[in-house]
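Enquirer: Each protein sequence line maps, in turn, to chains A and B.
Heads up, the first sequence is in the working numbering, so the first residue is 6 and it goes up one at a time.
Heads up, the second sequence is in the working numbering, so the first residue is 9 and it goes up one at a time.
Some hints could be false.
[Unchecked claim] Okay, derived cross-link-like pairs now, DSS-like style, lysine-lysine, Cα gap no bigger than 25 Å in a straight line:
(1) A:K325 - A:K401
(2) B:K105 - B:K142
(3) B:K82 - A:K440
(4) B:K158 - A:K473
(5) A:K401 - A:K428
(6) B:K142 - A:K473
(7) B:K129 - A:K473
(8) A:K440 - B:K129
(9) B:K154 - B:K142
None of these hints come from the bench; they were simulated from the model.
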Amino acid sequence: MSAELAPALNNKGLPESAKPELNKSAGLEGIGNDYKYGFSDKEDYIFKSGRGLTREIVEKISAMKNEPEWMLKFRLRALDIFNKKPMPTWGNCGLLNDIDFENIFYYIKPSQKQETDWDEVPEGIKNTFDRLGIPEAERKFLAGVTAQYESEVVYHSIREDLEKQGVLFLDMDSGLRLHEDIVREHFATVIPAADNKFSALNSAVWSGGSFIWVPPGVKIEIPLQAYFRINAENMGQFERTLIIAEPGSFVHYIEGCTAPTYSTDSLHSAVVELIAKPGAHIRYTTIQNWSKNVYNLVTKRAVAHEDAKVEWVDGNLGSKLTMKYPAIYLLGERAHGEVLSIAFAGEDQHQDAGAKIIHAAKNTTSMIISKSICKNGGRTSYRGLIKVYPKATGVKSSVKCDALLLDDKSRSDTYPTMEIDEKDVNIEHEATVSKVGEEQLFYLMSRGLNQDEATAMIVNGFFEPFTKELPLEYAVELNRLIQLEMEGSVG
Amino acid sequence: MTSPNTNKSTGSNSDSSAIPLLEIVDLHVNVEDKEILKGVNLTINAGEIHAIMGRNGSGKSTLSYALMGHPRYKVTSGKMLYKGQEISEMSPDQRAKLGLALAFQYPVSIPGVSVSNFLRKTVNAVRGRDIPVKEFRLELKALMAKLGVKDEFLSRYVNDGFSGGEKKRLEILQLSMLNPSLAILDETDSGLDIDALKTVSEGVNALSKADTAILLITHYQRMLNYVQPQFVHVFQDGKIVASGGSELALELEDRGYEWVTSEMQPTPGTGPNATKTSSSSSSSSPAVVGAK
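Here chain A stands alone, though its shape is the one from the complex (with noise of 0.2 Å):
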């Protein structure tokens, strides 16, 4: 596959000699039609770190980041952690200790600056972002868009009328630069760096992501946009994602994700928080389509004050693993909390996802919808906890898993957990496994639809629930990424 030329760029950040390396296309040959996002661009850094993570590491983004001390201190004390702190002992461990961290490029800055026209963006890197169609989209449908590739974000922009509401909608690392004191009343609130391994591995060398604030009262009604791209092979990804909404605001926010397809592996971690102040509604949504040897490796949480809202709407298509639980405290009384979330895992592919929710306080609500479909020895997992504090009255959640296997190689398990201290609950769990019936298949080919067809039109049913929670142009590019999933799956 790819030519090895990573060891020739050390971390001396050297602008123009790390770039002669020709446009290498390899990438493409490993995928199947199937995954139409594996193509790769050449090289062509501002600074790329070395391979493996080190204290100067951390320093030196902190530095070339112009950061203030108390964050270099957060980061360093992250890395403290990180070391310190043993893998996970759940999930897939296998996988997990695969990952090399000493292969891994922690930072890369691709471009000088961040631009907020698109022709300003380098020439490759706007090409890509053309060919993944976020232009296009932008000025279809979206209020605001940033675009990260690697370590940074390269294009930025929000519609005037949002801005002048006082909108903040900007990548994290100008949020610090610009709202600092919004910013360090926030920061890690949600999620410590010492949460978990892969916390506080961001928490050392997160750069990008999404910082959002929402003035009170304000309602963005159409859809903000953030785009992650990993374009090198063994990259780390490491955004930040904060999005503060104001008592009585409401943000829709959307993440994709894509990558080359590499035969070594990259490594995607990020860490979002939400705060939802009292009355505000948050919801975020994710398309993860990782190419096939990126690591997805996730903390999600929000926190959802008196009668706000908080709704993910997670969906997990690509990567190689995936484990990822978004999580919401219900603090205030009357916070409701939903997670709607698929999975989709075929050849090689473990999507460990599900959903956490924690009723701490009284008259607080939730709903956890998860559907999984494997194929061709494909596994997913449901991994949740409902758990309910003492004196939380009134409480009332709802968890539905449902299953679908298309084939007898594939595997789907569920660990639901319950902590209910609490009597006065109403606390309702379903879970499903099921193949995709014969007779429906059957039903379906009598009317002309080849096998291929019926599967895919069995599967967006399947997944219906979910789509129809997508704004509609997400849910078209949604069905039609599967019905290439199901060509020529079924045997």
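Given the coordinates of chain A, work out where chain B should sit on it, guided by the hints.
Expert: For chain B alone, coordinates are given in the frame of chain A:
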């Protein structure tokens, strides 16, 4: 009520060169290693309506599944020729594209898939082209009006939470859109109240054209009040034991199926070819009392 189409070209022996729409010869079918069909012979020509009647468990539905190509229904011997082409090895979608369509007795639900989306995809698949949305909608709305199907039907999920009558209406709506050359109706009348039976029957009659045929599988005679077959066959223990005209159905209704067994067994010596039934072999069975 429709009267049998009498001016079709297939009613006489002289037209022996015409290839039948469907020709089933000594068909044996196993389901999970158990033989269910034990030598079925049946010929259907374009323009004809045939009814197969028989008790539950006689193998009627097996015939419809075998014709449509259900993977668990294995043809062990015999022939199924459609327009002269052997279809036993074809997948169900290939058969659908050839012009066969089956209205299921128990249509399954497809949660999350709307009726309108489903109809569009399947009709496009069978017709082999993408029909413009406008054209499609016009055609669909006209048929829905005829079948007494409400608009809200289109946004519901296929058969999901449908009543028995709604399912049958959807089956006929689908067949009407698919416009098959051979429509196989498996117990379409069961679970219908009298009004529904009437509208559904009208839909079925509309499927009958000079170049198409209908195979009606039913337990009761009542649908035959509305859809009049020229040919009625009695199914028993995996084969056709008697054939006749529409009056046979009335007789069955009157006297039950017992008398067929006792009085109307094909006479000794009638081999598979002799019991072969169609408008062109009206002398083959003692039960045939004149198809016209």
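Enquirer: State for each hint whether it applies.
Expert: Each hint, compared with the structure:
no.	hint	verdict
1	A:K325 - A:K401	violated, 35 Å
2	B:K105 - B:K142	holds, 23 Å
3	B:K82 - A:K440	holds, 22 Å
4	B:K158 - A:K473	holds, 23 Å
5	A:K401 - A:K428	holds, 12 Å
6	B:K142 - A:K473	holds, 24 Å
7	B:K129 - A:K473	holds, 19 Å
8	A:K440 - B:K129	holds, 23 Å
9	B:K154 - B:K142	holds, 19 Å
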